[in-house]
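The primary structure of each chain is shown beneath.
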Amino acid sequence: DAGVTQSPTHLIKTRGQQVTLRCSPKSGHDTVSWYQQALGQEPQFIFQYYEEEERQRGNFPDRFSGHQFPNYSSELNVNALLLGDSALYLCASSVQWGSGNTEAFFGQGTRLTVV
Amino acid sequence: DAKTTQPTSMDCAEGRAANLPCNHSTISGNEYVYWYRQIHSQGPQYIIHGLKNNETNEMASLIITEDRKSSTLILPHATLRDTAVYYCIVRVGGGTSYGKLTFGQGTILTVHP
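Sequence lines, in order, name chains A and B. Per our numbering, the first sequence starts with residue 1, numbered consecutively. Per our numbering, the second sequence starts with residue 116, numbered consecutively.
Please keep in mind that the hints were generated in silico from the structure rather than gathered at the bench. One or more hints might be untrue.
Unchecked claim - Short, incomplete list of chain B residues facing chain A, as computed with Cβ under 10 Å:
1) R131
2) N134
3) Q153
4) P159
5) Y161
6) I163
7) N168
8) T171
9) L216
10) F218
Note that the coordinates shown come from a computational prediction; the quantities given were computed from them, not determined experimentally. Where is the CB? At the ideal position from N, CA and C, for every residue including glycine.
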């Protein structure tokens, strides 16, 4: 059973460009959450998708947007890239509802470098 | 979600038990304690979680005080591969909160040969 997969693993973009990151959740999971982790910092919650809708959002500008597909996979889009957007972007999958508390599973991340 | 306080860093000798403390004095009755770790440049990895009873799995043990204001993660026989940042996270269980985690600074655990 494949866990959470993210692509690409590394990416270099120029300031002002747009980028799309992809995530496939763990089998049986229906919710995808995205995090940004700057170098030396803890992960920061960006937003969460369930049933193809954004359900929760952290303190990130509208340049950060996302999408969830019927197969539960998800994309993170960032427009007008800034140097400060350079970070490790993590995807976490989970279930929305369960009989007990379940943990979130993380992918290995996409390392985005903006130059 | 309740705020947590962890030591910035800790050292441990290989083969010895590593005891990582976490304070969560404002925890509510419906909030769980979760532990994740992150090995350098990898995604965070779930370790264990609990509500009020002590928990044990193949990776670690979690000891929660009776008043639930603090907890300790125990790695019984630390190895070099356990060197990582350990995050203690407190959150409400159920529903949309499953995937939303509020990370603190965490504890950098270094296991020495």
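The hints, checked one at a time:
1. Interface hint status for R131 (chain B): violated, as the beta-carbon distance to the closest one in chain A is roughly 27 Å, over 10 Å.
2. Checking N134 (chain B) against chain A: minimum C-beta separation of about 22 Å lies over 10 Å; hint violated.
3. Taken as an interface hint, Q153 (chain B) checks out: its beta carbon lies about 8 Å from the nearest beta carbon of chain A, inside 10 Å.
4. The criterion of a C-beta within 10 Å of any C-beta in chain A is met by P159 (chain B), whose closest approach is roughly 5 Å, and the hint holds.
5. Using the Cβ-Cβ criterion of 10 Å, the hint placing Y161 (chain B) at the interface with chain A is satisfied: the shortest such distance is roughly 4 Å.
6. Interface hint at I163 (chain B): satisfied, since its Cβ lies 9 Å from the closest Cβ of chain A, which is below the 10 Å cut-off.
7. The interface hint given for N168 (chain B) is broken, as the beta carbon of that residue sits about 13 Å from the closest beta carbon of chain A, more than 10 Å.
8. Contact between T171 (chain B) and chain A, as hinted, is not supported at the beta carbon level, the nearest pair being about 16 Å apart and thus beyond 10 Å.
9. Hint status for L216 (chain B) relative to chain A: holds, with the closest Cβ pair at about 6 Å, below 10 Å.
10. With 10 Å as the threshold, the beta carbon of F218 (chain B) comes within range of chain A, its nearest partner Cβ sitting at about 4 Å, so the hint holds.
In summary, the structure is inconsistent with hints 1, 2, 7 and 8 from the numbered list given earlier, while agreeing with the others.
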